[in-house]
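For chain W, the structure is supplied; the task is to place chain L on it using the hints.
Number of protein chains: 2
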Amino acid sequence: MTTPAEGSLVLGIDLGGTKILAGVVDDQHRIVGRAKESTPAREGPEALREALVSAGRDALQVAGIGPERLSAIGIGSPGPLDVDAGVIRSSPNLNVTDFPLKGTLEEAFGTPVAVQNDVRVGGYGEFKLGAGRGYRDVLAAFVGTGIGGCLIRDGRIVTGVTGNAGEIGHLIVKADGPKCGCGRKGCLEAVASRTAITRRVYKAIKKGASTPLRDVVKSKTSRLKSKELSGAYRSGDPVAVHEVDRAARFLGLALGGLMNVLGPEIIIVGGGVTEALGGPFVDLVRNAARAQAMADPDRLVRIEQAELGDDSGLLGAALIARERFVGTGEPQRT
Amino acid sequence: MTTPAEGSLVLGIDLGGTKILAGVVDDQHRIVGRAKESTPAREGPEALREALVSAGRDALQVAGIGPERLSAIGIGSPGPLDVDAGVIRSSPNLNVTDFPLKGTLEEAFGTPVAVQNDVRVGGYGEFKLGAGRGYRDVLAAFVGTGIGGCLIRDGRIVTGVTGNAGEIGHLIVKADGPKCGCGRKGCLEAVASRTAITRRVYKAIKKGASTPLRDVVKSKTSRLKSKELSGAYRSGDPVAVHEVDRAARFLGLALGGLMNVLGPEIIIVGGGVTEALGGPFVDLVRNAARAQAMADPDRLVRIEQAELGDDSGLLGAALIARERFVGTGEPQRT
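In order, the protein sequences belong to chains W and L.
The numbering of the first sequence is this note's numbering, which starts it at 860 and goes up by one.
The numbering of the second sequence is this note's numbering, which starts it at 860 and goes up by one.
Chain W on its own, in the form it takes in the complex (with noise of 0.2 Å):
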């Protein structure tokens, strides 16, 4: 087999509730080949097991490698995990329990593997790769149908004392406000998410407002994607410019008083939502929370877009891999 990539190559994997990502990644970080499937959601972990292994096989065909010349595996995930078992502990999205990724991965491709959180991956990712390179104190927040966060200081992931560090969804906003899917009332995910937006949308609907996505949001937990949000605030929709105002600004009042606490070099928006609205959002929500931020009055902290999108996953998954396997993880500057 003639093999195209030099170097060292790894395998990222981005296991998404709707879709696998799997990139070979070069050791420039460039993707010299890539697949998707859609994630098995409710078959349960044999089919599970079996979408995993058929991406990254194919990814290696594409990128025209066998197994035996990849380095290590890296893999985002939903969680809980147990990181270093390697282990999905339950994940109701997924519909499993106690899933060995790591195990599954290492007998199918006979390589290391690493998993980790996938907001986590997502988030260094965006670090080392992309809107945040040259940056050692990054705060990474990614909108999508929850709202996740990365803390970065010194150059490394924060993880906390319980590990779980980083998680930005559920600061309180609102005392009192909506309800969240973790129960309590008024957390920041309950809204600016997808999720949130899309509950108010069809309150507005039901209320009798005319809208686009009348079609689409048939109930409050009607299945809304990124880009029919995004072409109903950019054809100007009323309802959709309104509650997408609405999230941004919340998410920016939040950001701010994180900006107040952290005093970060850097704060990524990310994430569906972001990438689908793009600039205008990413404005709102940086307008927001400079408002808000009363210890930055000369704008010291930058708010920028995510650069990487879709990959930003599949990118960090396999930096974080090489950096524990290959051991050269440092990526070019720019």
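Simulated from the structure, these hints should not be mistaken for laboratory data.
Here the structure is a predicted model, which is why all the values come from computation and not from measurement.
Worth double-checking, as some hints may not be accurate.
Unchecked claim - Mimicking DSSO-like on lysine-lysine, the simulated pairs with C-alpha atoms at most 27 Å apart in a straight line are: (1) W:1044 x L:1038; (2) L:1044 x W:1062; (3) W:1044 x L:1062; (4) W:1086 x W:1038.
Same frame as chain W, now just chain L:
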């Protein structure tokens, strides 16, 4: 002159809005002489200079030493400060602008002076000598007229790119809630400080509530002392109980959110309000924080009352000066 104290001695000063506390601190972090002056809050720079020097001289006299025995001076002050120049940039509470704290004390005592933010010296004192002894990742929260915080990570005060990190008083906890002194709405300080409690007690009185605090709180900006509040709380006065419980809950919600983000080893709750109300207040805060902190299901983050009381600022300031100028700041671990 006989010298009762051995080893190197440092003068610590806590410059507050109502009083100046000064203490000569030995190398075992014991206060071997202390003095107190009222802060001339309206009289301007010359009166402030005299009061600071007088407090320092009195502390030396009580310790039975002359200024030549001092190795350094540390002072904690309200800000904003230019920490390096040792200057108070402006302080409405002290009615001074560009006041040279460092120059004033160096000239009067002929020894090097370290200047730091008042909340930060208190947090550092608690971290090294109080409730935070033995920990490396600490968040200190001080509740008084306002709400201040100090963040310590890997054993060092986090200042952030803004220089102001650790500011927790302006986290948003109730968006569009009560107006804050900073001009924003729903900040933690606007719902959980003594100022916020006072305003609500006044509201209750205006609505006809019967409370022993009626004699003290005659307007929404009345000066309610922490001791008066705690007296009413302990006597079971329903107004005091309701408002203290409410403030503690809001503080707990905010700290629970920060537990999620930071995962610190310990959160230290201090300040005048905490000091006066004691354990029951800290219990309320702890319960609310734990209920909010989804990222700490195993309750790994400790939440404890500060231990140094009024001396945290003085001892912390002395310690910062000792570490900078004497270099033997490592305290005795217990």
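To see whether the hints hold, each was checked on the structure:
Between residue 1044 of chain W and residue 1038 of chain L the CA atoms are separated by roughly 21 Å; this keeps the pair inside 27 Å, and the hint holds. Only pairs whose Cα atoms come within 27 Å are accepted, and residue 1044 of chain L paired with residue 1062 of chain W is accepted, the gap being roughly 26 Å. Annotation: proposed proximity of residue 1044 of chain W to residue 1062 of chain L holds, straight-line Cα distance about 26 Å (limit 27 Å). Under the criterion of a C-alpha separation no larger than 27 Å, the hint pairing residue 1086 of chain W with residue 1038 of chain W is consistent with the structure, at around 25 Å.
Against the hints set out earlier in the document, no violation occurs for any number.
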